[in-house]
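Participant: Based on the sequences and whatever the hints tell you, model everything.
In case you want the letters, here they are:
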Amino acid sequence: GENVEQHPSTLSVQEGDSAVIKCTYSDSASNYFPWYKQELGKRPQLIIDIRSNVGEKKDQRIAVTLNKTAKHFSLHITETQPEDSAVYFCAASKGANTDKLIFGTGTRLQVFP
Amino acid sequence: GAVVSQHPSRVICKSGTSVKIECRSLDFQATTMFWYRQFPKQSLMLMATSNEGSKATYEQGVEKDKFLINHASLTLSTLTVTSAHPEDSSFYICSASPGRKPTGYSEQYFGPGTRLTVT
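Heads up: the protein sequence lines correspond to chains A and B, in order. All letters in the first sequence, in the order written, are residues 104 to 216 by my numbering. All letters in the second sequence, in the order written, are residues 388 to 506 by my numbering.
Treat the hints loosely; a few may be bogus.
Stated by the list, open to error - Computed spacing ranges between beta-carbons, pair by pair:
1. A/Ser131 x B/Met432: 17 to 27 angstroms
2. B/Gln429 x A/Ser115: 12 to 22 angstroms
3. A/Val123 x B/Ser396: 49 to 59 angstroms
4. A/Leu149 x B/Ser441: 25 to 35 angstroms
5. B/Pro395 x A/Leu149: 16 to 26 angstroms
Read the hints as simulated data drawn from the structure, not as lab findings. Quick reminder that beta carbons are idealized off the backbone N, C-alpha and C, glycines included.
Facilitator: Structure, rendered in structure tokens:
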């Protein structure tokens, strides 16, 4: 089955700097890659997603890139702010009938003022 | 729109008892619901996928007789943890999907989670 690896597990940056989180997946049939932000004790919130027919997508300070050949995708956060501090998860899905998501291991991002 | 609720938000039970967790889609019909378990500082692990009116599909390693899932309607799925033990203590999160969009993928909307503590 699908396996999603995520790096780094923790990331500390200064406010205003950029943060990059990387994920790799194993199943070449995966075609949908969302990113979630989860604050302590809360539900995951979708922050951006990308489909396999697109190489890059941007939404204000957040961008995601996808390299299907290498089977990896990355989250880029620019001009980080303290409120960006949270745990970020990548996920992969085949978009098949069940549309189930396989999550990465998570990255704890800390943005210091 | 696309609100998913879970009840209860927190539950403490004694070892050996059963606990039922409800997941409801409040403003849409969910053709598919998913149940995840999340241990502290770990990722979300998919437990099972349920479609309305049919038996749930469990992920490898998840005991279907211990974690009973019922998806009786398009807005309600329940997870019952039977004969709970301390190692079942975890954060249980459901998600609901309204079905595939013309673009090919249907987004999952997550519930707020239920923190189960088994003493």
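Participant: Please go over all the hints and tell whether each is borne out by the structure.
Facilitator: Each hint tested on the structure:
Taking 17 to 27 angstroms as the suggested C-beta distance range, the pair A/Ser131 and B/Met432 conforms, at roughly 23 angstroms. The hinted window of 12 to 22 angstroms between B/Gln429 and A/Ser115 holds, with their beta carbons roughly 20 angstroms apart. Checked against the hint of 49 to 59 angstroms, the C-beta distance between A/Val123 and B/Ser396 comes to roughly 34 angstroms, which is inconsistent with it. A C-beta distance of roughly 27 angstroms is found between A/Leu149 and B/Ser441, which places it inside the suggested range of 25 to 35 angstroms.
Hint check: B/Pro395 to A/Leu149, Cβ distance near 25 angstroms, so the stated range 16 to 26 angstroms holds.
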